[in-house]
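S.K.: One-letter residues, chain by chain:
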Amino acid sequence: MKPQRKKRLGIILFIAAGLSVAVGLTLFALSQNIDLFYTPTQVAQGEVNPGQRIRIGGMVKEGSVLSAQDSLRVEFAATDYAHDVPIHYEGILPDLFREGQGVVVEGSINSAGVFQASRVLAKHDENYMSPEVKAALDASGASSANHQLQPES
Amino acid sequence: MIPEIGSFALIIALCLSVMLGTIPLVGAQRGNVLWMNLARPLAAGIFVFLGVALVILAYAFMTDDFSVQFVANHSNTLLPSRYKFTAVWGGHEGSFLLWTFMLAGWMLAVGIFSKSMPVDFVARVLGVLGLLATAYILFMLATSNPFDRIVPLPPSDGADLNSALQDIGFIVHPPTLYMGYVGFSVVFAFAIAALLSGRLDAAWARWSRPWANVAWAILTIGIALGSWWAYYELGWGGWWAWDPVENPPLITWLFGTALIHSLAVTEKRGVFKSWTVMLAILAFAASLLGTFITRSGLLTSVHAFASDPDRGFFILGILGLAIGGSLLLFAFRAPMMKADFGFSMVSREIALLINNVVLVVAAASVFLGTLFPMVYQALTDDLISIGPPYFNAIFVPLMMLLLVALGIGPICRWKRTSTEYLIKQLGKVAIASVAVGVVIPLVVLLGISIPATITMILAAWIVLTMLKDLRNKVANKPTLGAGLRALPVSYYGMQAAHFGVVILMIGAALTSYFSFEKSVLLFDGESTQLGNYEFTLAGSEAVNGPNYVGEEAEIIVARNSVEFTRLYPQRRVYLASGTPSTEMAIDAGFLRDLFVTLGEQKESGAWSMTLYVKPFIRWVWLGAIFMAFGASIAAADKRYRRLRSKSEARNKTADAQATTLQPATNG
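Going down the list, the sequences are from chains A and B. Under my numbering, the first residue of the first sequence is numbered 1, with each subsequent residue one higher. Under my numbering, the first residue of the second sequence is numbered 1, with each subsequent residue one higher.
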């Protein structure tokens, strides 16, 4: 092989090796870090294993929010108007967290069926419905029944 | 009436863009100088009419003209006037107008600072930019005209600007980011013009380099401003969230970083030509894809995309035409691009190739992580999200590899470097960096910390190789001063930018590993300890602003029982929209930030709040400033100017003997 060709081959092999390592690492990292999304109905039907990290989207059920007066503990229920999931959270709720508004929670469910949230997300725009919340309501058929889908204004 | 003049100005700008996108290009193909010379005045005309449109939109905001839909959606009579002005880019329509105006600004700049380039090249560059402007303005007029009216009944007051946007960060961040983003269109246009003319030589790379550097520097500042703003406004305690909206600029930035390095090789050595052109196309494609994906809502959900089919299809059309067309042109022309010189397996070319491969892989993995949820949903119908752990797992090792190469690259010689030479040069430096990296964390922390040690080794490695390189460069000069003066400005630019990388890395690593945060509930007079600091809630009182009501807490911060500052976080409710918002209080410092975000007041009177101690966070943005500064002074190197003054001199004495331009190569 001519030296020119040999070098070119070397460069191509180098790039190919780099790329395959990168692709391998990337796919591994991806597979480790997928948070699957569930609706309250799916959780109520027992589709989620305790301890598995997931996201749940739904509405904050009216009248369900209980916050402790002497600590940062908060309990509420996420609902898709078919089923509720009780949620426990220790921390400060986002500015736009409100009863009757959409919410996405991240965390895992314990053996008692209570969802321990590590993060609570509420979107920055009241008129915006997060796709996850919308999917949950669509799935339970609640959005067609006009539950709370109108922005309050 | 006045908003209609705005629409009219847009239409005139569209007509001028259509002319710019056709006449100079055809002229360049046919060798018609008159047609080619139309490019500069047409570019200036587009700039003027888009400027008029922008001023009229700003006027509509300042005069509370709520008959204009965009104004009614994004302003309010109570809004302070500086935010009324900046609300121009507070939504999709207006920000797209600003984006297009930035493109026109770059076009004007190309028209002014291109005297040294051949007229057909300038005509082609501006012609390609004219085609882009045509697409953007058409998109604006067809799907998102900021001057659309509400007929017949305009609201008496507007819906208000999103409260998170009522901030200094919002005044400076979007224009800077857009200017950087759009700057890569210019580099792309240079690449396309070179492909069209078939003249992909060192001159093309030399013309592109200052533009690429400046666009990159502005994009760096734009991203850093966004990070800084998100840090103090959103108050979640971090500086980068790997959010789908943050990632597209980063992808563009990574391609752009690869591009400015690859351009250096193409200019100096005449190799990597097709790769450089490819990177110019990729950087531009990333900027286009990023901005449009964010705008169309494609990124959070395919449903949001379907909900606005017109906008989405238009976007896909522009994307397909611009990127497909340029790739097709690339495929036709790539075989023409032959390397001028060879190089060996150990050389600066190879070091820069490593830089390019790492950066492109990093960009690709961010791209994958950003778009993967969408692809996954399309394939399986399941919703997923990809969290920061994915991005960190990929990005951190790649950047470490890049930093190791960063030390070696500048020491290497072009074309061929012997391995023995490298070992001789860098052996001691490597040992010294490991020593420094191990000792400093031990002394400072009185303990072993793996992340701090790795950070310090890499930082020492880069700084020491930098000094070593500087010493080599001045070694054979009579005095140190003479040696330092003899080095080209672009060399100092490179060193400053690389030093910025070190600062950013230290900031990013140390703030990730040594931050403290804690959410607490405090009654009046109650204290809590975090790190070396004691936070005491002194009390709270009502505060009212022009368009909000709120409460402000007073927090005393003490260290070793000595008070040294007070923080005043607020919690506001904006009147027009009823949106609550927290204003965090920060005590910023060179070595650490302290900050507090206020939660809510319980019925018992206690306040919930989150306290943070963030060491070295400022270094992240300081590093970005160094990088942007370095790229800017490298762009100002007299190598690029010398060519211009030479050609100016030649133009003045046009009848003088024809001299061939020697590309000035130094450094």
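Bear in mind the hints are in silico, worked out from the structure with no lab data behind them. What you are looking at is a predicted structure, and each value in this text was computed from that prediction instead of being measured. Don't take each hint at face value.
[Unchecked claim] Now the in silico label distances, taken between C-beta atoms and shown as ranges:
(1) B/26 to A/15: 38 to 48 angstroms
(2) A/50 to B/442: 39 to 49 angstroms
(3) B/447 to A/8: 32 to 42 angstroms
[To be verified] The calculated DSSO-like cross-link candidates involving lysine-lysine, where the alpha carbons are at most 30 angstroms apart (straight line), are:
(4) B/424 to A/6
(5) B/602 to A/7
(6) A/6 to B/602
From the three backbone atoms N, C-alpha and C, an ideal C-beta is built for every residue, glycine too.
S.K.: Find the hints from earlier in the document that the structure breaks and name them by number, from lowest to highest.
M.R.: Violated: hints 3, 5, 6.
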